[in-house]
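Engineer: Hints given; two lone chains; assemble the complex.
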Amino acid sequence: MDNHLVVPVLTVLFSAVLTTLFSRQRIVSRWLFLLCCLTNLVYGAWLLVQVVTDGRQVLLVGGWPASLGVALVADRLSALVLVLAVLLLLAAFLFNLTPLDRRQHEQFFFYPLLLLLLLGVCGVVLTGDLFNLFIWYEVQVLAAVGLLTLGGGRRQMAGGLFYSMINLLGSLGFLAACGLLYGLVGSLNMALVSDRLEAVYTTSPELVAAVASLLLLSLGTRAAIVPLSFWGTRTLHMPPVAVGMLLGGILTSTGFYGLYRVVGLIYREPLPVPSGALLLLAALTMLVGVLGALGQSHIRQIIAFLLLAQAGYVLLGLGLASESGVAASVLFLLHDTLLLSALMGLCGTVELLSKTGDIRQMGGVVAREPGLALVWFVAFVSLVGVLPLGGFFARLALLQAALSVERYLVALLVVGITLLSLLPLLKIWHEVFWKELPTDAPVPRRAAFPHLVPGLFLVAIVLLSSLGMTYVVEYSTRAAQQILDAPAYVADVLGSAAGE
Amino acid sequence: MLLLLSCLVGLLSGTAIYLILHRNLRRVLPGALLLLLAICLLIITAGAPGWGSLNNARLALLAADPLPQILAITALAVGLGMVLTVLALAWRGARLADSDDIDRVTTMDGS
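Sequence lines, in order, name chains A and B. Under the numbering used here, the first residue of the first sequence is numbered 1, with each subsequent residue one higher. Under the numbering used here, the first residue of the second sequence is numbered 1, with each subsequent residue one higher.
Calculated from the structure, these hints are not laboratory results. Built from N, CA and C at the ideal position, the CB exists for glycine as well. Treat the hints with care, since some could be wrong.
[As the list claims (entries may be wrong)] According to the in silico footprint, chain B covers these stretches of chain A (three or more CB under 8 Å from chain B):
no., region
1, 130–141
2, 144–156
3, 172–179
[Said to hold, decoys possible] If you want the ones that stay clear, here's a sample from chain B, every Cβ over 12 Å from chain A, calculated:
no., residue
4, Leu3
5, Leu4
6, Cys7
7, Leu8
8, Leu11
9, Thr15
10, Tyr18
Looking at chain B on its own, in the form it has when it is part of the complex (with noise of 0.2 Å):
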C-alpha cells in the first residue's frame, strides 16, 4: 500500500512539474494545483502509523497517528487559498495582457 501511495505522488508531482514548466498560464496553474495535491498525499504517507501523537500505547496501536491528517488538511487549505489567489491575478493578468503566455503577462513595457 505505501509503495503504491508512493508511486502515485510520484506520478502526480512529475505530471505537475511537467504543466508547470510550461509557457501558457493554462497549464502551470493546474500543475501548480496537483503539486498541492501530490503534496497532501506526501504527508499522509510519510506519516508513521500510530507515532508519538497518542500518549495512549495501545491506543496507539489500533489508531492512525491523526496529526499528519491535520497536518494534510491544513496545507490543502492553505495551499488552495494560495493557488486561488495567484489563479485570480492570472486571470486578471491575462485579461489585461490579452495573453495567457507567462512571459507575455508577467514582463512590462511601458504602463
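Next up, chain A with everything else stripped away, as it sits in the complex (with noise of 0.2 Å):
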C-alpha cells in the first residue's frame, strides 16, 4: 500500500477551496497557487523516481478488495503526465506575472479554477477505475468551462458552449461504455476489466469490440482525435493567452493517457487492436491540423491546428501497437506539448504587443525584440525536428517504430507531414516576425524581458531534456512496456490486495 498517492488529490483540492474563500485577495491567492503547484512539482519528480526504482505504486482506498473500492495507480506514465501538467501550469502561472494585459480575468476565479483544472490531471493519471476516471474527466471539462467562459462576452460564450457541448457527447459516450462494460465483466476496476475480459471475449468478441471502440471514441474527443477534434481550433485562441496556453496541452495529454490505458488494458490479447483505423485517423487528424493551419490568420489559431497536427502524431505511434511506437509517441506527447505551448504563449505575447491577433496586421518583430524572435525561433526549429533538439528525437523514434513494423507509408506520413508543419511555422515567421510593420498596423508595444520568461521557460525544459535523452528515451521505452504489458498491471494491482 502506497499511502503518499493521495498527497496530490488532497493538496489541490484543499488549495482549490482556500483560493475560492481568498479569491479577491490577489497576492494570497498567487502565493497559494504558487505553493500547492510546486508542492505538486516536487512530488511528482518524487513520483518519477519512485516508480522507477520501486516500480507501480498502488493504493487500494480504504482498504477495500479491488473488486468493491476504488484502486488508485501510478506508474511511469501516471507521473510523466502529472509532472507536464504542472510545468504548463507554471508556466502560465509566469504569463500571468507579466503585466502585458489587464488581467481583468484573475478577478473571475481564475486560480481556483486552474487549480480544479489540476485536480482532474492528478484524479485522471493516479485513478485504477473506469467511472472514477469518468468523475475527474468532468472535473476537468467544468474547469475548462469555467476557463474558456471567464470574462461572459460573446466570444467566450461561443467558445464555451463549442466545447462543453462536443465534450458532454464525448462523456456521454464514455458513460455508455461503462454500463455496457461493467453488464460484461462485473466490475470497472480497470485491472479486474483486463483480466476478466478474456473469458468474455472468447463467448461474446462482438459485444467487447463495439465497447472497446465506444471508449476509444470518447476518449479520442478528449484527445482531439479528428471527428470530433474540433473543440480546440474553434476555443483555444479566444480566451485570455495564459489560459490558451495551458489548457490545450492539458486536455489533449489527458485525454491521452486515457488512451494509452484503454489500448494496454483493454486491447490485450486476444482482442486486436484496430490499428489500421486509428492509423487512418491519425492520418487524418495531422492533415487536417497542418492544412487547416495554413489556412488561418490568426497567430494563435494557427498553433491551436498544429496542436491538431500534434495529436495525431501521438495517435500515429498508438496506432503501430507495438512497444517501440508507444515509446515514440510518449516522447512525442512530452516534447510537442512542451514546445506548442510555448508556442502559444510567445506567440500570444506577440499579439498582445501587436495589439491584434491577425497576422497580416503584424511585422518586424526580429528588427524589434530581437530576443523573443529568438526564443521563438528555438522552439520552431525543435518543433520542426532540427538536430539537437528535443522533437528531432521524437520524429526519429516515430520513424523508427514505423519503419520495425514495416510500414512505410506511415514513415512517409511522418517525413511528410513534418516537412509541411514548416509551412504554417515559416508562415507566422514570415508575416510576424520579418516582414516590415504595415502602415495601417496599430503601433506595436515594446516587450521586457518578463515577457519572455513564460516562454523561455518551456523551451529551456525541452533543452535539459534534449541534453539527457538517452534518460528520456530510457524512461519513455519503459514507460511503453508498463502501458502494453497488461498481465503485469493486472498482478500488481490485485497482488496488493492479497498482500496485506
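Structural biologist: Laid out in C-alpha cells, this is it:
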C-alpha cells in the first residue's frame, strides 16, 4: 500500500478551496497557487524517481478489495503526465505575472479554476477505476469550461458552448461504455476488467469490440482526434493567453493518458488493436491540423491547429501498437506539448504587443524584439525536428518504430507532415517576425525581459531534456513496456490486496 | 422485460440523436438531456442481476446488484450538472448572439 498517492489530490483540492475563499485577495491566491504547484512539482519529481526504482505504486483506498473499492495506481506514464501538467500550469502562472494584458480575468475565480483543472489531471492519472476516470474527466471539463468563459463576453460564450457541447457528447459515450462494460465483466476496476475480459471475449467477441471502440471514440474526443476534435481549434485562441497556452496541452495529454490505458489494458490479447483505423484517423488528424493551420490568419489559431496535428502524431505512435511505437508516442506527447505551449505563449505575447491577433496586421518583430524572436525561433526549429533539439528525437523514434514494423506509408507520412508543418510556422515567421510592419497597423508596444520568461521556461525544459535524451528515451521505452504489459498491471493491482 | 427496456433505450437515444442533429439550441439541449436519461437506463439494463458486488452468495440470488444503480444515479447527478452548465452557457450565448441557431452562437466575427 502506497498511501502517498492521495497527496496530490488532497493538496490540490484543499488549495482550490482556500483560493476560492481568498479569491478577492490576488496576492494571497497567487502565493497559494504557487505553493500548491511547487508542492506537486516536488511530489511529481519524487513520484518519477519512485516509479523508476520501485515500480508501480498501488493504493486500494480504505483497504477495500479491488472489486469493491477504488484503486489508485501510479506508473511511469502517470508520473510523467502529472509533472507535465504542473509545468504547464507554472508557465501559465509566470505568464500571468507579466503585466501585458489587463488581467481582468484574475478576479473571476481564475486560480481556483486552474487548481480544479489540476485536480482533474491528478485524478485522471492516478485512478485505477473506469467510472472514477469518468468523474475526474468531468471535473476537468467543468474547470475548462469555467476558464474558457472567463469574462462572459460573446466570444467566450461561443468557445465555451462549443467545447462543452462536444465534451458532453464525449462523456455520455464514455458513460455508456462504462455501463456496458460493467454488464459484461461485473467490475469497473481497470485491472479486473482487463483480467476478466479475455473470458468474455471468447463467448461474445463482437460485444467486447463494440464497447472497446466506444471507449476509444469517447476518449478520442478528449484527445482531439479528428472527427470530434474541433473544440481545440475553435476555442483555444479566444480565452486569455495564459489560459489558451495551458488548456490545449493539458486536455489533450490527459485525453491521451486515457487512450494509452484503454489500448494497454482492454485491447490485450486476444482482442486485436484496430491498428488500421487508428492510423487512418491519425493521418486525417495530422493532415487537417497542418492544412488547417495554413488557412488561418489568427496567430494563436495557427498554433491551435498545429496542436491538432501533434495529436495526430501521438495517435500514430499508438496506432502502430508496438512497444517502440508507443514509446515514440510518449516521447512525442512530452516534447510537442511543451513546445506548442511555449509557442502558444510566445505568440500570445506577440499578439498582446501588436494589439491584434491578425498576422497580416503584424510585422517587424525581429527588428524590434530580437530576444523574443530568438526564443520563438528555437521552439520553432525544435518543433520541425532540427537535429540537436528535442523534437527531432521524437520524430526519429516514430520513424524508426514505423520502419521496424514495415509500415512504410506511415514513415512517409511522418516525414511528409513534418515538412508540411514547416509551412504554417514559416508563414508566422515571415508575416509576423520578418516583414516590415504594415503602415496601417496599430503601433506596437515594446516587450521587456519578463515577457519572455514563460516561453523561455518551457523551451529551457525541452533543451534540458534534449541534453539528457538518453534518460528520457529510456524512460519512455520503459513507460511503453508498462503500458502494454496488461498482465503485470493486473498482478500489481490485485496482488497488492492479497499482500495485506 | 429486458427486451422492453432495451427497446426503450433505443427509442430514447434515437430520439435524442435526432434532436441533437438539429440546428436550434432549443432542440439540441433537450436532446442531450434525453441522451443522458437513455444512458442511465442503459447502465441499469446492462447490469447483470446479483453479480459480483454482493459477497454473500445466497443474498446475491435474492437481491439485485446495487452497483449499476449507484453508477446510474451518480451518472445522472454528474450528467445533469453538465447539461445545466451547457444550458446556462447556451442561454447567455443565445441572448448575446440574439439567435438560437447553433452556428450563429458558436461562430464569431468581431468581438
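Engineer: Does each hint fit the structure? Answer for all of them.
Structural biologist: Results of checking the hints against the structure:
no., hint, verdict
1, 130–141, "holds (count 5)"
2, 144–156, "holds (count 6)"
3, 172–179, "holds (count 5)"
4, Leu3, "holds, 15 Å"
5, Leu4, "holds, 17 Å"
6, Cys7, "holds, 16 Å"
7, Leu8, "holds, 14 Å"
8, Leu11, "holds, 15 Å"
9, Thr15, "holds, 14 Å"
10, Tyr18, "holds, 14 Å"
Checked against the numbered hints given earlier, this structure breaks none of them.
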